[in-house]
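Chains as they are written, first to last, in my numbering: chain A, 1162 to 1339; chain B, 1162 to 1339.
If you are wondering where the hints come from, they were derived from the structure by calculation, not from laboratory data.
Being a predicted model, the structure only gives us computed values, none of them experimental.
Treat the hints loosely; a few may be bogus.
Pairs count within a copy or across copies, as identical chains cannot be separated in the list.
[Said to hold, decoys possible] Think about it this way: if two alpha-carbon atoms lie no more than 25 Å apart in a straight line, the pair counts; the simulated SDA-like pairs of lysine to any residue are:
hint, residue 1, residue 2
1, Lys1252, Thr1270
2, Lys1218, Gly1321
3, Lys1307, Trp1207
4, Lys1307, Val1185
5, Lys1202, Gln1176
6, Lys1269, Trp1325
7, Lys1307, Tyr1205
8, Lys1187, Ala1225
9, Lys1252, Val1185
10, Lys1171, Asp1209
11, Lys1218, Ala1204
12, Lys1252, Ser1267
13, Lys1307, Glu1211
14, Lys1252, Leu1323
15, Lys1202, Asn1327
16, Lys1174, Pro1292
17, Lys1202, Gly1183
18, Lys1307, Asp1209
19, Lys1307, Leu1182
20, Lys1187, Asp1281
21, Lys1269, Tyr1217
22, Lys1174, Leu1298
23, Lys1202, Phe1186
24, Lys1202, Asn1178
25, Lys1202, Gln1229
26, Lys1307, Ala1204
27, Lys1171, Cys1214
The chain contents come next:
2 protein chains.
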Amino acid sequence: MRIEEVAAKKDIKVQWNPFLLGPVFKSLGWEDSPFNIYPIKGAYMWRDMERICQQYKLPFTRPAPFPQNGLAAARLALCPVVSDQRAEFSKQVYEAQFIHQQDISSPKTLGHILNSLKIDEDEAFAQAASPAVKTALRTNTETAQKRQIFGAPSFVTPDGELFWGNDRLEQAVAWCAS
Amino acid sequence: MRIEEVAAKKDIKVQWNPFLLGPVFKSLGWEDSPFNIYPIKGAYMWRDMERICQQYKLPFTRPAPFPQNGLAAARLALCPVVSDQRAEFSKQVYEAQFIHQQDISSPKTLGHILNSLKIDEDEAFAQAASPAVKTALRTNTETAQKRQIFGAPSFVTPDGELFWGNDRLEQAVAWCAS
Chain A
1162 MRIEEVAAKK DIKVQWNPFL LGPVFKSLGW EDSPFNIYPI KGAYMWRDME
1212 RICQQYKLPF TRPAPFPQNG LAAARLALCP VVSDQRAEFS KQVYEAQFIH
1262 QQDISSPKTL GHILNSLKID EDEAFAQAAS PAVKTALRTN TETAQKRQIF
1312 GAPSFVTPDG ELFWGNDRLE QAVAWCAS
Chain B
1162 MRIEEVAAKK DIKVQWNPFL LGPVFKSLGW EDSPFNIYPI KGAYMWRDME
1212 RICQQYKLPF TRPAPFPQNG LAAARLALCP VVSDQRAEFS KQVYEAQFIH
1262 QQDISSPKTL GHILNSLKID EDEAFAQAAS PAVKTALRTN TETAQKRQIF
1312 GAPSFVTPDG ELFWGNDRLE QAVAWCAS
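Construct all of the structure, not just a fragment, from the sequences and the given hints.
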């Protein structure tokens, strides 16, 4: 929700790269979200997120169930008809899950977001099912792993520095600007 | 290194409570430091710490081996002859490990710190071996677990809010001040 504004202030351009967390977590030995694997730490993480959202005046409702399947949303974000509005599309997917408690794997939820962006729903879903888009997402996920990414959001600078999490956003942008 | 100054600015009093991370980690299923259990995430965490220390102009050298045994240091911090200088003693233990690559389980390292604070070394080591101090550390560790603490540093406000990590320090202090 914050990256576009924070980056623009320092004249930094943002490139959004959707990838799947599932395979990344699996390769680290996590069969579920860290929110669920360690209940005590997970409870803290939800509370932390609630406080952070309050601080930034961002609405937040804890999604249930969690995590959700983001495969369809990630593929859609990579479709040619969506790519010009990838940031806006991605933010709406997060809002659907983290504000409106919607199921982001459902074509209804995703179709609604596409419509709100005036993107042709049928064309987008057709592109999302194409081998090219499926490969693009697989490649993005492999690239994330090559970059030693282990969570989201992660920020990679042009010179390869990795920053993880909302609380490192300003630092990542400052790194790019320096 | 930062808490005394950040808290003083908002007129917040800090009470240092040493506890053992080992039993806390064990109860979460971690048999080693998270830095070591997940090498990819661990490598990021060291790099992150390096960048953060740079940002605050704090010297930092990655300790080896890591983690070290903090039992003797934690017990000393709880001794009556040390308690008035607990903050300063604790900071020097961290500096010994994270700047000077010293072994903080060694009586020589700890004795040197005690001497620099003009604390009678023999008296401190005798108190550290007493049942009262051993029990105090065990109680502190149990209290940490009851408070759902899963890492260090953790900050607990008088009304029971838990904040974890250097990057939540300002938020914790603001919570107390509000």
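Numbers of unmet hints, in rising order: 6, 16, 20 and 21
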